Amino acid sequence: MTKDIFIGEISNNEEIQENCFLMKVALPASFCDPHPGQFVMIRISGLYEPLLARPLSIYSFSRGKDSCEIALLYSVVGKGTQILAGLISGSQVEIHGPLGRGFEIDKLRQNIVLIAGGMGIAPLSLLTEHLCGQKCFPQSAMTFYLGAKTAKSVLGLDKLQKLCYNINVCTDDGTLGEKGLVTQAFQKDIKKYSPENTTVYACGPKDMLKSLAKMLKGNKFFSQASLEERMACGIGACLGCAVAVRDNKGALTYKRVCADGPVFNLREVLWE
Amino acid sequence: MDTVKAKTSVNMAVKLGRLKLKNPVMTASGTFGYGEEYSDYIDLNKLGAIVVKGLSLKPRLGNPPPRIMETAGGMLNAIGLQNIGVDAFIDEKLPFLRKYDVKVIANIYGETYAEYIKVAKKLEMAKGVHALEINISCPNVKKGGVSFGSEQKTAAQVTRKVKDETSLPVIVKLTPNVTDIAAIAHAVEKAGADAISLINTLAGMSVDLKKRRPHLKNVTGGLSGPAIKPVALRMVWQVVQRVSVPVIGIGGIMTAEDALEFLILGAKAVQIGTANFVNPRATMDILEGIQGYLERNKITDINKVIGSFKEEGGFLC
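Sequences listed follow chains B and F, in order.
Taking our numbering, the leading residue of the first sequence gets 1, the next gets one more, and so forth.
Taking our numbering, the leading residue of the second sequence gets 273, the next gets one more, and so forth.
Chain F on its own, in the form it takes in the complex (with noise of 0.2 Å):
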């Protein structure tokens, strides 16, 4: 049922440094498949960038169910990394995602150094990947992931080995579930990055009060939805006050004010997580509401809007 709209004069183009993408709404990791699971309720062409599902050198199982939960206002998940690896994706997935004309990011993954880069430069090799997200905040993995986000030592290890290797550009997605994101931040930055989005879920758990037991067989989980926005607002302003290099905003993310919210903060993108479950549509519908924002202010290019906050607060008017 898309309304056909009249051509829109406004500039939704953003770049996250050499990264050029058409507008800032791209997809969060995990919540939008390898694209193939969306093709049939939007046009893959007018997202700004597609980040897949995270990918590791050899296929993932997961873990055991069960892995959801609702809580309120989100939900918690313990999916566990499982995913097809980075060769099957390179040979089953990508070449569908080729066809489109839209920017593709890997999200990868690795217990250790070595597997990061191994990754990596699989998918340098593999025409059609425009950037890699190294993923060192996955709360629900026993090795790598968090444990190598939660310290700048390491986080800017792993940045520094995959920048070493690769010349694809490199996001770093960081965990909440850190003291001082901002540090890690800086530390990233520094090690090279190429950009930094965040948040990853907020570790979390929920207790089944009948059985006494937790709802996830993994007991805890991350939490993600339109609870977390607020923390993820807190920290994309205090990491976006640190570094230079551009900011993706991920958390929470249901409508096209809650995206503006994040950009008006200084990310020059955001990622839509949880709400492509709620409605596969959700990308496009805060697309065309940002577009519709911009119009109404006629604001004619999104970069005016990126980083425009006014820290004053407190009014109460």
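For reference, chain B alone in the conformation it holds in the complex (with noise of 0.2 Å):
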């Protein structure tokens, strides 16, 4: 037995934006630290309704001399969300995790191209953490597109702003940065990368993804990305949260995005 399923204590809930909350959790020490794209099932213990835990990506990370801390970024979107936003300071919630197959790193691409939309940002943000503390690529190498539908949606700029300074803002309204949705931005650059040589990371609303994989068909990038499905387990056993994806011989077939992802090759992904 390896893996144990944590009691973790908020430090602190709040509402950074309209109906988007950032909770973070002191938990134990032997809380393993995350690989950027883990996520992890939250619940309050004992409490059968709602009944299953909430996936949550992991946005931050850090760890002290006797513990460590995660930070997580949720909108309110249902009952299980409207819980996890009522919770004070001190409150304890039941972390299991880290879970599932984080993004991978290829050292050799030098160029780091990172895409998010809206919530999409958690994941790509303990990613660009990740990346700056590994100080294995320059943060000129990096670049970032972040997109919301408006200003006020925009979603964890403050902590970007510290880590890169390549990034690219598109509201829908064009009320911050420029008008349009960040995979157009993208599209506009993209002939600035070489493809061989650049890792694309994305995460957003499913649209988003299927029109940057579109975009990216046929051609060299190392594309992933982060999805999204409802879970019950997050463990790979109720087989829930299925994802279409192409097998080895070209064929339909479905794997889970809490245990095979939540991370997959962007080519690999049917989108319908």
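Read the hints as simulated data drawn from the structure, not as lab findings.
Watch out, some of these pointers could steer you wrong.
[What the hints assert, rightly or not] Quick list of the computed label-pair ranges, beta carbon to beta carbon:
#1 F/S439 - B/D247: 36 to 44 Å
#2 B/Q187 - F/K330: 54 to 62 Å
#3 F/G357 - B/S11: 44 to 52 Å
[To be verified] To list a few chain B residues with every Cβ distance to chain F over 12 Å, as calculated:
#4 F21
#5 A26
#6 G180
#7 D207
#8 F222
#9 M231
#10 G240
#11 Y254
Here the structure is a predicted model, which means the values were calculated and not measured.
Backbone N, C-alpha and C fix where the C-beta goes; we use that ideal spot for every residue, glycine too.
Mind docking these for me? Both chains are given alone in their own frames, and the hints should help you get the complex.
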């Protein structure tokens, strides 16, 4: 037995934007360092309504002497997240993780492009933190495309500005940064990057990933996307979080977002 | 964070006919993968039995997503029996399970009688399968499954055919989506079932109000979780009165108290399903909880609890 379920204590849980919360949870030192792209299942111990734990990407991680802390970014979309949003500092939550397969880091590819739409910033923020901390890439090698509906809903920019200086912000209504979709902003720049030498990391709404997949089809970018799906167990048992992918022979098969992902090669995913 | 426990003097072993279990806590098919998925969380040796994900003759892709939806006190699933197929199970998954001292029960599924028989025979030949559980109750596939389980005649027929072809103990898993579950139970008992497990999920659905569409791509799914426990208890109660073969209680068991309710009604064992999703250690928590209950009540043998239900109801105190 190597994996455990942890009781964490909320050190902060604030609404950083309308309907969007940042929760910081203190955990025992035995909680493993998460790999960027991994997630946790979070629930309130003993509560069966709502029944299932909620999968949340790890937004940030820090390790102290005798404990560590994860930060989780989430928007209130239903009953489960509504309850999480109501928890005050000092409340205890059950944390299961880190889970899933995170982003692959190819040190031979010198350019890093990160594309986040809305909540998609969460795993990419931890990735940026990791890439900067590991110092395997100069800051100048990283370019971030950060998109949101409107200025008010841009997430994670403060943190990002401390880590990365090539940041392109896009909003649907043009209230901050460029007007338009984050994928359009990337497309304008695409010729700047040599595909063989660039890794593209993406996370965001399905339509965003779908159009990115279309854009990158047939070229040599190493492109990875973190997907989202409803989950029950988070450990690969329930087969509830299926995503259609192409197998080695090109045939349709289903993979589990929780255990085979949540990060997939963008090329592998079938977008209907 | 296992707490070191004083050696218990309580007997937890139960018998399901020829099949002897260390304790009555089993896993429910489809909620425990092939065992591996949970081996990092619990000591599989401590389980009464592992019932693996339903196996078919050929691998099955399963249904397109979305496949699950949370509902009040439960969840709907329409996985569609995605599985690697019986051959891959024997080659790739069974060797892992053989390393453990735990009873392995293979849940089997077919679209035809012949397929049920073929799968059963393959598993009998493979070392390390201790019993079969015939799935005649999956609500999420178009052919086979529930269509066999909803009629006495076909339920009995598939039971008899599998029984005739294998010497392994045969458990038949029943669907609750019938008018008279006790009649089906009686029919499969007559056909030779060594034990009966119930209930599989209740057919249900959920509507997305914004889109005015079903939440599940399959439109309908199977409801599981604490919401179905009262229905499961009622059906187990009806069945234990009707049959004399061992009955395994399934349906919404989240805690030791839930499990004990089924045992008291007369179920010889229980299967833990959806609880594994919520808490990967659920089976161990339940097992320890049952032991604690026996110790607190100075009961030395779990078999003294099984079937100890007193029918007179309606007390208000």
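Do the hints match the structure? See the list:
no., hint, in the structure
1, F/S439 - B/D247: 36 to 44 Å, "37 Å, holds"
2, B/Q187 - F/K330: 54 to 62 Å, "43 Å, violated"
3, F/G357 - B/S11: 44 to 52 Å, "48 Å, holds"
4, F21, "20 Å, holds"
5, A26, "17 Å, holds"
6, G180, "26 Å, holds"
7, D207, "15 Å, holds"
8, F222, "26 Å, holds"
9, M231, "8 Å, violated"
10, G240, "4 Å, violated"
11, Y254, "6 Å, violated"
Violation of the numbered hints given earlier is confined to hints 2, 9, 10 and 11; the remaining hints are satisfied by the structure.
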